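**Q** Whenever a hint applies, use it, and build me the whole structure from the sequences.
Chains as they are written, first to last, in this note's numbering: chain A, 456 to 863; chain B, 4 to 547; chain C, -8 to 427.
Calculated from the structure, these hints are not laboratory results.
Model, not experiment: these values are computed from the prediction.
Among these hints, one or two may not hold up.
[Stated by the list, open to error] Pairwise CB distance ranges (calculated): (1) Gln424(B) <-> His591(A): 40 to 48 Å; (2) Glu834(A) <-> Gly417(C): 29 to 37 Å; (3) Glu834(A) <-> Gln368(C): 48 to 56 Å; (4) Gln368(C) <-> Lys491(B): 15 to 23 Å; (5) Leu193(B) <-> Gln357(C): 33 to 41 Å; (6) Arg376(B) <-> Asp509(A): 51 to 59 Å.
C-beta: ideal position from N, C-alpha, C; glycine also.
So the chains spell out like this:
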Amino acid sequence: MINLDNISFDHCIKCTVCTVYCPVARVTHLYPGPKFSGPDTERLRIKNPDLLDDSLKYCSNCKRCEIVCPSNVNIADIIRLASANNPKRKLSLRDLILSSTDLIGQIATRTAVIVNWTMTLSPLRRFMQLILGLSHERAFPKYASSSFSKWAVRQTRAQEIYPEKVIYFHGCYVNYNNPDLGKSVVQVLNRLNIGVVTTAEKCCGIPLISNNRLEEAKKHARHNIDVLKKAVGDSDMKILLTSSSCCLALDHEYKNLLEMDTTGIQGQIELITKFLYETFEQGETPSLKPLRLTVAYHAPCHLEHMGGVVYTVELLKKIPGLNLKLLHSECCGISGTYGFKEENYAISQAIGQNLFDQINDLKPDLVVTDCETCKWQIEFNTVYQVVHPITLLAEAMGCQNILKTGGK
Amino acid sequence: MKRVETDVVIIGGGVTGAGTFRDCLIRGIPAVLVEKNDLASGTTGRNHGLLHSGARYAVKDSASAVECIGENRILKKIARHCIEDTGGLFVALDDDDPAYGDRLIVSCRSAGIACREIAHQEALRIEPNLNPRIVRAFTVPDATIDPFRLVSANVLDARERGGQVYTHTRVNQIMTGPEGVTGVQCQNRLTGETFEIRARVVVNASGVWGEKVCRAAGIEMKMFPSKGSLIIFDYRVNRVVVNACRMPADADIFVPGDTVSLIGTTSRKIAYEDIDIAEVDEEEIAVLLEGAERLVPNVSRTRLLRAYCGVRPLISLKKGEVDGRSISRGIVLVDHEMRDGLKGLISIAGGKLMTYRLMAEKTTDLICRKLDRTDTCTTSQLPLPGSETKGKLTTRRNQFKGISASVIGSTQYRHGERVHQILKSDRKHDGLICECEMVTAGEVEYALQHLNVEDIVDLRRRTRLGMGPCQGALCACRATSFFVELKKMSGEKANQMLVDFIEERWKGIKPILWGDALREAEFSYWIHQGLISKKKKLEKPDEV
Amino acid sequence: MRFDSIIIGGGIAGMTCAIRCAEKGLSCAVISSGMSALHFASGSIDLLGRFPSDSVVTNPFDQMPDFINHNPEHPYARCGEKAIADSLQYFTDQLQQQSLQLCNNGRQNHFHLTTYGTLTPTYLSQKSVYSPELEKAFFENQKMALISFEGFRDFHVPLISANLPGQTLFQNRQVTTGTVDLSPLIRSQKNPHEFRSIDISRMLETDEDLQKIADHINELAGDAGIIGLPACLGFIHHASVYEKLQRLVGRPVYEIPTLPPSILGMRLDHALKTRFSNLGGVFIAGDKVVRGEMQSGKLSGVYTENHGKTLLKAGSVVLASGSFFSGGLISDSAGIREPVFNLDLTYEKDRKQWARGLFFQPESHQFLEFGVKTNEQLNPFDSSGHLIDNLYCAGAILAGYNPIREGSGGGVAISTGYTAAEMIIGRTASTGAARP
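**A** And the structure:
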């Protein structure tokens, strides 16, 4: 039975546009498309949950369907909820591992050298494909040897001196794979005379949502809402994020998909790029040294959905000397944990091919994007290094020379 | 002139005619069914599809109630794939007469209908979207029945036993001789061909058109048509049948039906001349939406799909009746030999959709007496084609490799066990023609080949094509292609048929043209504007 | 974030306006809440196709002065003949920059075939639908072929060929028909339930498949001098697919619109958006404008769902949000409203007057004419009747015209979008352009 207050599928007027622009439907017939999997079959699933079809699992949750829909149908959410509520679904060990980013991250950072090395071994990866269903072809991200949160905690005292503060929700990628990015964030903000506060956050929950572990996702959401609310307190401190997917989780999925009560933090959540752009606009642009680079910008799907692309682009345009090229906005194919799965690997590669071709034709010095999994996908499929916009900004602001050391 | 010979001609392809047709053939009586439009295109196809427990009648009409519950049980066995055994609720709100509930329980008990009071919180648990102002609630064994499937299955069975069907064929004359009726003269409205069917017994099962049919035999049988309107919501708002617990009035039943829900009904007297042009009024729309809102708050925010009306065939037994005071609500079986001195003509009228089998039984019993036969009725035990298995329908994904569970399930709902003849795992047949209701090319082909389909409107009744949110916008052109390929329909006829189908859908959309229905209509209008005729005058779709 | 102009709606009207603004150096953002009606449109641009008597207009430009005189509240009257002509030329030129060629028949209308094989007058069509070469080939060849693809039911050749003899242009023509079986080429892991125009288009954009398909088409077409195909001949790479296909079949090929998705319309959409992006315009996709902000009697900006409390400031705003389909107008049982600014509308209060008895009634339906009331400068009025002079309206949101009965949809969109842009450019020049 459905709750009459929260339905959008009946606005669908069958225009077929979502299926036309769905990256998954474009490359494989295993996925019948968002129109079929979403509004069409939702009507049937209400009548009888047995009418749910397994092919739902191919939806990558890129949400491009919602961006193009002229009828305000929350297509991706409909599919996500149907998938999660499927009584026949089973949680595989692989999906459990892939969605437990905190657990894996904590283990991996403590054993980073070993993990990073062994994950390059082809026989081991083949073994993992055999046993778990993780694609052996895909390169695994490297782990840092110490987490960002550990470092951040040690900065607490130093951050107290700043009159204005923001809360930084760093997410798992910064925490376990690329603490340098987090450090750049702190440097950039400190340079603007803004202090950075971190909390005892947990994984935002996006991998849990994508792997149909909604109850677990709600637990994480509840925890994050609580710690963030406490940290905000009575102030109007912003909660800034570098990861577009983490931001989608906090700003959109917690309230809409997971139906959590986000009062106390909803109005505070913001992309760091938006925050910095608006800060600069209010007359606080720091001096930026020119970066004479040709840079190709890739707009992540979730950022496009949130409307944040314009801020990243305008922020990058402020860097003098930067030859900014905007890549055609389309899905890179990895879609978070999606592309790591054996059965999705070929699909994820096919989806991103256009994008890789565009980049190869352009031959930029660097590729820039806000999403970490997009970064992994592009680096895996092209020869180019991919950095976060904040990394470039930090470089232009003369903060620690990040680019040379990489920060993969 | 072509001549068809048989024992019995049944005029009317509604559920009563179809049931009688089947009963005759099961008893081995050769019979022919003639229908001026399409099967179930009259009142049968225009009601709310409620398989009554009889509780609605228990308080005022005990005999009807007993009849209902008896047939309810039988149909649940023989028409399994046409029925969804949802269960039902009677709910009293704080402004309803609380005493009615007590009367309900008592009358149900004496009629043998299982009616049990439950806590109102329990009712809200069963049906979460119900109005929280409920004060009393009762469960009853209501269910829903799909009239199109029901008629289609009855006719299919009869045909498979040798019966002949002529749809889109109007009876022009009931032929008589010195011994009484000798048959009918009729005309195929699609080809114009006239022909005769010679028979010893003619059954008038034409529902509200009975007055006209009898007139064609020189007999007077006055009918008092009553229009009933309903509104269809885009999806299943409720799981079980919801009845308002009070004396029957307008808009007090909320019925789930396959992929949609309906609110009904109203009761408006109309003139007999207007039975073919009855339309849903603004006032009825308001009443229906108000009634729906009362039972399920916020439902008026739900997308409305269409509004339609049917005409109840209320009949008067008395000759010379003018004001309908002796209207019978029960089953009316008229032997015109006794009433009017015309041997061989029988009329069967009144009753309800769900008592059709009983009506057919009585009619066929009378037919047997007329033909000096002693065969007894077995329709209460023989399952309809598609309803043969016991137990719940499951999706059997493994049997249909590569076909989506949603498609398998939808096809199985509509055709029961016949799904095996319909779904084939190949690209040609799996293609979806109607995406809203999951109708495959295979199902369309099956319908065109086996289920008496002459145009897209007929096809819609057999397969639900065009009955979903798009109301034909995407599937009309696709459906048309099958008629050209399989029925060798000429391109011109095909174009006209396509126009007729869209106009038929439009009739039901117009009364509720706002919100998403208006958006959908605008979308459909842009897509199909290529169909706008160059001629100054558009041909109106065939009047019934 | 501040723009010289913010345009609400990314359809033909909005994008024409946006391109013009961006080209003239204005900072310009388009906010679009979903894909536009182009996705089911014919892909041709109708200027003025029919008289009220339903007879065909041969020369829309000759008719225009009279038309404007008789219809002073029509959007064309707001633009004037010169702007209409200029805007269409501009539109054609801009799309040419994106390698999408639009052809016309001088100042006259030409006909294009509809999905059902009837002919409808239009002014601009894509090269593969109408061009002087196609016209020549058409008149020089009595034999033509109509080919489709097996299992593709959004386009049905028998329906089309049944309607053709009824059109004078197609009488006495020998039409060969046939279907190409694409199933050997579908390298799918599974039988697809759907088979749309976009699926065929993607197959044709694959070189090796194109060759095989062309061979089949050749066989079926026999000695026909010109071949008609459903409009699926490539989306992004249409130009090269079309050129290759014609070369492979060795004769002219023309496209006939299909049921949605309309590849023809999608090509226009893609070209318009790419052009805008190349001119430095900002396209904000999948976002809905929820309300405007007034300051001293002028619109100072808009708020959107995604941008929350951040006001997107603008010197001028254009409302090109479309009709009911696109959410530009919202209806319920009580009436119709414009959801962003709650503008004053022209429409029938009695719902029974929204549509006619028959769906295909020749007079068409009244609801297609409902929309925002404006002054002569395309400025609308708010619900209290006050003029908002830095807000302009363009396209299907406007009242006072019936795009289908008149055959004027694309023309109104382009000319009002262009006119709004010209006015904004003029006004911004006097107040100074701004960066975002």
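**Q** Next step is simple, just say for each hint if it's right about the structure.
**A** Hint by hint, here is what the structure shows:
1. Between Gln424(B) and His591(A) the Cβ separation comes to about 45 Å, which falls inside the hinted range of 40 to 48 Å.
2. About 49 Å separates the C-beta atoms of Glu834(A) and Gly417(C), a value inconsistent with the hinted range of 29 to 37 Å.
3. Checked against the hint of 48 to 56 Å, the pair Glu834(A) and Gln368(C) passes, with Cβ atoms roughly 53 Å apart.
4. Between Gln368(C) and Lys491(B) the Cβ separation comes to about 59 Å, which falls outside the hinted range of 15 to 23 Å.
5. At about 35 Å, the beta-carbon gap between Leu193(B) and Gln357(C) stays in the expected band of 33 to 41 Å.
6. For Arg376(B) and Asp509(A), the Cβ-Cβ distance of about 54 Å falls inside the hinted range of 51 to 59 Å, so the restraint holds.
Hint violations for this structure: numbers 2 and 4, all remaining hints satisfied.
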